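Once you've looked at the hints, dock chain G against the given chain D.
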Amino acid sequence: MTVRVQLADFDLGAEVAALRADNRGVGAVASFIGTVRDVSDGARVSTMELEHYPGMTEKALEKIEAAARARWPLLGVTIVHRVGLLAPLDQIVLVAVASAHRGSAFAACEFIMDYLKSEAPFWKKEVTPDGAAKWVDARVSDDAALRRWGIESFNAGSSESGQEQ
Amino acid sequence: MQLELRYFASVREQVGQGAERAEVPADVLTVGDLRAWLRARGGVWAEALAEGRALRMAVDHAVARAETPLADGCEVAFFPPVTGG
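These protein sequence lines are chains D and G, in that order.
Residues 186 to 350, numbered by the working numbering, are exactly what the first sequence covers, in order.
Residues 1227 to 1311, numbered by the working numbering, are exactly what the second sequence covers, in order.
Next up, chain G with everything else stripped away, as it sits in the complex:
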């Protein structure tokens, strides 16, 4: 499955990129699976997507949870708590 990944704000700075296209293995079915798969890259990825960190996630521009399913071609974003207004 191919996914469009987006990173914003402090997460973007930590991982050193704002966007990438990733081919994920067949057992990555949910947003939580994807987060764990990216974390396994180690280094800044393990830090930026650490389990205890208050991160927010979105699939195709809608707020997502760890159990939100992924579909081929979807856009998945990881970002810190929002601070607009």
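Okay, chain D solo, but in the shape it has when bound:
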């Protein structure tokens, strides 16, 4: 199990090599990398700042990994999420999953990303070339992506978990 939050960049090849090292049962590795775009909602992006909640973030990612392992027979999981100052073309997040067959690897990789988007405490702030800063809004479509897996999320929408009733 590898869950890391770090300032530094990561290398997909090195991460996958470590993930499947000495594991002869691995027949499939699926990976996803999220990167910084230069345009967000029509506005140019020159830099992006990523904030997180130290302590809770690691616990949330470990919980997400455990949920994936409970659903599929996985042989390895790596989740790396960067924080700090990033720029277009930079890598933000890596999820890599190893299993015996491709079905579990593909599905678990997508599940982990969908879960992370709505439940891991990270926040993005985008800065445009003229220096204007804006916190990125959560997307209702990300909650819907997690709901496909049978997990309710109210991150972006009216939140049962967040609103006072």
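Think of the hints as simulated: they come from the structure by calculation, not from any bench.
Hints should not be assumed to be uniformly reliable.
Stated by the list, open to error - Derived Cβ-Cβ restraints for the label pairs, each shown as a range:
#	chain 1	residue 1	chain 2	residue 2	range
1	D	E337	G	D1253	39 to 49 angstroms
2	D	G335	G	E1301	25 to 35 angstroms
3	D	R332	G	E1249	19 to 29 angstroms
4	D	N208	G	A1262	28 to 38 angstroms
5	D	G198	G	G1268	47 to 57 angstroms
Stated by the list, open to error - Examples of chain G residues toward chain D, derived with CB under 7 angstroms:
#	residue
6	H1287
7	T1294
8	P1295
9	V1308
Claimed, not checked - Chain G regions said to be covered by chain D (calculated; three or more residues, Cβ under 8 angstroms):
#	segment
10	1227-1236
11	1297-1306
Being a predicted model, the structure only gives us computed values, none of them experimental.
Glycine included, each C-beta is placed from N, C-alpha and C at the ideal position.
Quick look at chain G alone, frame taken from chain D:
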């Protein structure tokens, strides 16, 4: 009861601090009570923790709801919807 409070992202910027230790009165028993108590500070607090705002909350690093109970010494966080990945 003494609590460790944490604020993140847009909430942190609005209230002008990321962390504080607060001594709360005996009738503050839940996360929702705490939110209302902080809101009563007025000004930026009333705005940042406004009732209609989609806020997320955590107690000791676990997702919490308005009715989640508080315990002495626990860490309570308020933050906007998450946007990682």
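Each hint tested on the structure:
1. E337(D) - D1253(G): 39 to 49 angstroms: Once the Cβ atoms are compared, 31 angstroms apart, the range 39 to 49 angstroms for D1253(G) and E337(D) is violated.
2. G335(D) - E1301(G): 25 to 35 angstroms: holds (30 angstroms)
3. R332(D) - E1249(G): 19 to 29 angstroms: About 40 angstroms separates the Cβ atoms of R332(D) and E1249(G), which means 19 to 29 angstroms is violated.
4. N208(D) - A1262(G): 28 to 38 angstroms: violated (52 angstroms)
5. G198(D) - G1268(G): 47 to 57 angstroms: holds (55 angstroms)
6. H1287: Holds: closest Cβ of chain D sits about 4 angstroms from H1287(G), inside 7 angstroms.
7. T1294: violated (9 angstroms)
8. P1295: Not OK, violated: P1295(G) not within 7 angstroms of chain D, min 15 angstroms.
9. V1308: Interface hint status for V1308(G): holds (5 angstroms vs cutoff 7 angstroms).
10. 1227-1236: Since three or more residues must qualify, the claim that chain D covers the segment 1227-1236 of chain G holds, with 4 doing so at under 8 angstroms.
11. 1297-1306: holds (count 3)
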